[in-house]
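S.K.: Here is what each chain is made of, one letter per residue.
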Amino acid sequence: MAELFALFVGAALVNNFVLVQFLGLCPYVGTSKRLETAIPMSLATAFVMLLATVLTHILYTLVLIPLDLEYLRIIAFIFAIAAVVQMTELYVRQISPVLHQLLGIYLPLITSNCAILGLVLTVADLSLPQAMVYAVGGAFGFGLVLVVFASLRERLQSAAVPAAFRGAPVALLCAGFMALAFAGFLGMA
Amino acid sequence: MFEEVVLVSLTMAGIGITLSGGIAALAKWTESRQPIDSLVERVNGLLPQIQCAKCGFPGCRPYAEAVIAGERIDLCPPGGSDTVQALGHLLNRPVDVPAETMDSDQVAFIDENTCVGCARCIPACPVDAIVGAERYTHTILQEHCTGCELCIPVCPVDCIDLHKRAVHA
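Those protein sequences? They're chains H and R, same order as listed.
Every letter in the first sequence is one number past the one before it in the numbering used here, and letter 9, counting from 1, is 9.
Every letter in the second sequence is one number past the one before it in the numbering used here, and letter 61, counting from 1, is 250.
By construction, these hints were calculated from the structure, which means they are not laboratory data.
Glycine residues also receive a C-beta, built at the ideal position from the N, C-alpha and C atoms.
It cannot be assumed that every hint is accurate.
Residues on chain H that point at chain R, a partial pick, calculated with CB under 8 Å [claimed, not checked]:
id, residue
1, L59
2, L62
3, V63
4, L72
5, I74
6, A76
7, F79
8, A80
9, Q86
10, M87
11, L90
12, Y91
13, Q94
14, G143
Working from the sequences, and respecting the hints, build out all of it.
M.R.: Next up, the structure:
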C-alpha cells in the first residue's frame, strides 16, 4: 500500500510529466488560456491515460513479450493509444454530446500527446495495478499543473505586465518558475 | 531474418485488425443507439441556436430533446412561426397554433436617454441586432431583434425594455 502511494506521489509530483519530464507541453500551453478549457482537457487526458495504460499493458504482456517483440512497443503503443482515443471520442459523443462539443478538437489531439506515450512506455514493465496507480498519479499531476497554470494565466490577464512581456513570454516565464518549484520535489523519492 | 519480418508483419496486422475491430464494434453500438439522437440533431438544427432559454429549457439542445419526448413545438419565440412550421413538418405534428400569435411580437427597445454606452449588450445579442460603440448610445434594429431578452440582464442601467413590435407598412 505504502509502495503504491509512493508510486502515486512519484508520478504526480516528483516525476511530473509536464514540469519535470517536459512531456505534453503542447496541451499545457495550448489549453491553459482559460480554466474552462483546462479542466475538461485534464479530465479527458486522465481518462485516456488510464484506458491506454490498461490496453497497452495487456498488449505488452500478452502479445509482445511472448513473441519476443518488445522492440515493437513504441509503434504498437501508438496504435493502441490512437484506438483508445477513437473509442473515447465515440463514447463521449454518445453519452454527452455537450461535453463532446466542449472538448472539440482537443479530444482527437490527445492521440499525439506525448505524455501518454511517455506514460505507457514508463509503466510497461510494472505490474498492472502498479501501472494503473502510476497512470492515475500522472493524470492527477498533469491536471493539477494544467489547472494551476490556467489560473495563473487568467490572473496574468489583468496584471500590470510590461508590454514586451505580455502574452506568451510571461506565460512561458511562469511555466519556467513552476518547473523550478517542482524541482523542489526531486529529493522526495 | 525472413521469419522475423513475417512475425512482425503478422503481429502488427493482428494488433491493427483487433483494435479496428474494437472501434468498429463500438461505432456499430453507438450507431444502433443513434436514431433517436440523430432526430435530436435534426430538431436541434431547426432551432435558432441562440440559447435564450425562453422555452423554459436551458438551451436549444435540451429543448430539442424535450420536443422528441413530446414537449410542445411552439415554445420558441425567437424561432417564430417558421420554426414551428418546420418542426411540425419534420415531426409530422399538427401546427395548431395560428401563425401570427407565434411570431415574436415583442422586441427589445433601448431607452436612449438612460443608455450610458457601456457596450455590454452588444456581445450578448445572438443576432447582432444592436448597433453602437463604447461611449455612444446604442439602438436595436427592430427587424433583426428576435425578442430573446438576452440583452436585458447584462444592462447595468436597466435601459432595455420589451415593446410591442411596430407593424411594418
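S.K.: Hint by hint, note whether the structure agrees.
M.R.: Outcome of the hint check:
Interface restraint check for L59 of chain H: the shortest CB-CB distance to chain R comes to about 7 Å, inside 8 Å, so the restraint holds. With a least beta-carbon distance of about 11 Å to chain R, the hint placing L62 of chain H at the interface is violated under the 8 Å criterion. The beta carbon of V63 of chain H is positioned within 8 Å of a beta carbon in chain R (closest approach about 7 Å), and the interface hint is therefore held. Evaluation of the L72 of chain H hint against chain R yields a held restraint, the C-beta minimum of about 7 Å falling below 8 Å.
For I74 of chain H, the shortest C-beta to C-beta distance to chain R is roughly 12 Å, which exceeds 8 Å, and the interface hint is violated. With a cut of 8 Å, the hint placing A76 of chain H at the interface with chain R holds, because the nearest CB-to-CB distance is about 6 Å. Satisfaction of the interface hint for F79 of chain H is found here, the shortest Cβ-Cβ separation to chain R being roughly 6 Å, below the 8 Å cut-off. Restraint check, A80 of chain H versus chain R: the minimum CB separation of about 7 Å is within 8 Å; hint holds.
Taking 8 Å as the C-beta contact cut-off toward chain R, the hint placing Q86 of chain H at the interface holds, the least distance being around 5 Å. Interface restraint check: M87 of chain H against chain R, minimum CB-CB distance 5 Å, threshold 8 Å, status holds. The closest approach between the C-beta of L90 of chain H and any C-beta of chain R is roughly 5 Å, which is under the 8 Å cut-off, so the hint is satisfied. The closest approach between the C-beta of Y91 of chain H and any C-beta of chain R is roughly 7 Å, which is under the 8 Å cut-off, so the hint is satisfied.
Here the hint on Q94 of chain H is kept, as its CB sits about 5 Å from the closest CB of chain R, short of 8 Å. Checking G143 of chain H against chain R by beta carbon gives a least distance of about 25 Å; that is not within 8 Å, so the hint is violated.
Violated hints, listed in ascending order, are 2, 5, 14; each of the other numbered hints is respected by the structure.
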